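Protein chains: 2
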Amino acid sequence: MLFRDYDEIVQEAKKFAPVTVAVAGADDSAVMEALKRAELEGLAKPILIGVKSEILRIAEELDYKICHDSVIDASSPDECAYEAVRAAAEERAGIVMKGRIQTSVLMKAVFNKEKGLRTGRIISHVFFIKLPGYKFVGLTDGGINIAPELPEQAAIIQNAADFCHLMGLAMPKVAVLAPVETVSEKIPSTLYGAVLSKMADRGQIKGALVDGPLAFDSALLPESVKEKGIVSDVAGDADILFVSDIDMGNGLFKGLVHFGKGIPAAVILGAKTPIIVTSRADSSECKFYSIALNVLYAGKLKKAGEI
Amino acid sequence: MLFRDYDEIVQEAKKFAPVTVAVAGADDSAVMEALKRAELEGLAKPILIGVKSEILRIAEELDYKICHDSVIDASSPDECAYEAVRAAAEERAGIVMKGRIQTSVLMKAVFNKEKGLRTGRIISHVFFIKLPGYKFVGLTDGGINIAPELPEQAAIIQNAADFCHLMGLAMPKVAVLAPVETVSEKIPSTLYGAVLSKMADRGQIKGALVDGPLAFDSALLPESVKEKGIVSDVAGDADILFVSDIDMGNGLFKGLVHFGKGIPAAVILGAKTPIIVTSRADSSECKFYSIALNVLYAGKLKKAGEI
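Going line by line, the protein sequences match chains A and B. When the letters of the first sequence are read in order and numbered with my numbering, they come out as residues 848 to 1154. When the letters of the second sequence are read in order and numbered with my numbering, they come out as residues 848 to 1154.
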């Protein structure tokens, strides 16, 4: 199992804390509330980048005692993104976090060839969610890669698998989602399911048990697996759900969060430091848990010598 | 509003009942249980097509008094599909229902050019769901069309809009789902959102208020609309969610059903008669509500002179 619950993540993260978080567009109430809690619990020290007067006003409103030296005044979204990424590139920050700016603006700075945070790996996004009655499950990629081709799909799964390894899960179970369990030439996701499964069998994806095509219910629910008579080591027990495009990843995830009462957190994998991108509509609690998860991730990366 | 709840659908359906339902692969316990309830409530009279000995055994197990003349012995899935479609084509049945056979097998018989149930319209699928705290919402197409091009996308929305009109909702609100609300050349669903909106503005899709791109949460949740500052007549109040491929439609729907505690029902639009396709993993209650919804649909079609 990846994690039991968010308390376990917070407790584990404290072993590696505090980590400095550079926030691009910190002039946002829910973001500041999450940072306040993270700082009070000893998880994070923020660098607050945004409209300084607004940041100070929100801090006062939230009764959040911030260090004025940690505020960097920046008015445009591009400037916020650039300053946050620079802090990470110069190792003044261990994590970059999106505040009140668009994801695409932040990622443009991250992807910048000279001043960004690229490594040799693909940069991919994983949503994690704790659903009632089910273990922690990750969904990738619903945040960055739009419609990846096969080599990128395999690399996205490898990123998620390597994240699981860092977290102590040696052989994560990955379900490649499709609308059905049988291979059909007409449905590309069923072909990808078959191909990615075989790539894992042949060691082209390492340290993961991959199976697909599997419908959403077959990936997570033992009763669907039984009813449909599916024979699979992954079905009904997936740790990671792989989706072939961002539309499905994003829509499915939002459906699970808003109507499944699941608590979400997200990580971005493959960059020089962890990057936190939460949705504007997420609660400050969600944002706090994303900070905790990324502090843990930053700590484990450092311990493994990868940053 | 489309419907208040399933009770309203059942009560409305009774005004047009009973309708004869030809069931392809009736030798299935959950299907027979749903049919028993539909028959007891006066909604449906079944033609049971499948392995006769199995059908009789299940009927006895369920204490379901069936008319032996209504059973058609058929062993192969293809034969079951063919017989059910033939009953509808010859007007012995007003609805076709999938039992224990694959959707693709049933649809092959439906799509058959000479003996099938085609009309001039596109055949498309709509999942309906009643989610806690939200009105009835439809999701199309998560069941039949795999990755439709623009003209088919517009026709799928038109099918759903016309269904709403039949049910008394004159101007349904249709959200074209995407991962974000801004148009991005790199994300096809955002382009489709813009284009389909304009097609509705210009009367190329009739009797629907279409807006997109909208993320899932922005389509349904007023708090997300407010937080993101979206100005739209559709956002936060959608009746129909349009998804650009079957992967997303199927995955999102299953997520909402299994973790959102929503009760689902489905219709297939554009064929000569309504067609009921439920998932093998659906409960008999779901199957019963799908029968009720399709009886209502068949009745309204007949009243409108369309069959």
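Bear in mind the hints are in silico, worked out from the structure with no lab data behind them. Remember, predicted model here, so these are calculated numbers, not experimental data. A portion of the hints provided could be inaccurate.
No distinction is drawn between identical chains; accordingly, a pair holds when it is met within one copy or between any pair of copies.
To be verified - The calculated BS3-like cross-link candidates involving lysine-lysine, where the alpha carbons are at most 27 Å apart (straight line), are: (1) K1075 - K862; (2) K1150 - K982; (3) K1119 - K960; (4) K977 - K1108; (5) K1033 - K899; (6) K1033 - K955; (7) K1149 - K912; (8) K1073 - K1108.
Results of checking the hints against the structure:
1. K1075 - K862: neither (44 Å within a copy, 36 Å between copies)
2. K1150 - K982: within (26 Å within a copy, 50 Å between copies)
3. K1119 - K960: within (12 Å within a copy, 57 Å between copies)
4. K977 - K1108: This pair counts as both: shortest intra-copy Cα distance 9 Å, inter-copy 16 Å.
5. K1033 - K899: The answer is neither: 54 Å in one copy and 33 Å across copies each exceed 27 Å.
6. K1033 - K955: between (35 Å within a copy, 14 Å between copies)
7. K1149 - K912: neither (29 Å within a copy, 69 Å between copies)
8. K1073 - K1108: Both: 25 Å inside a chain and 20 Å across chains, each within 27 Å.
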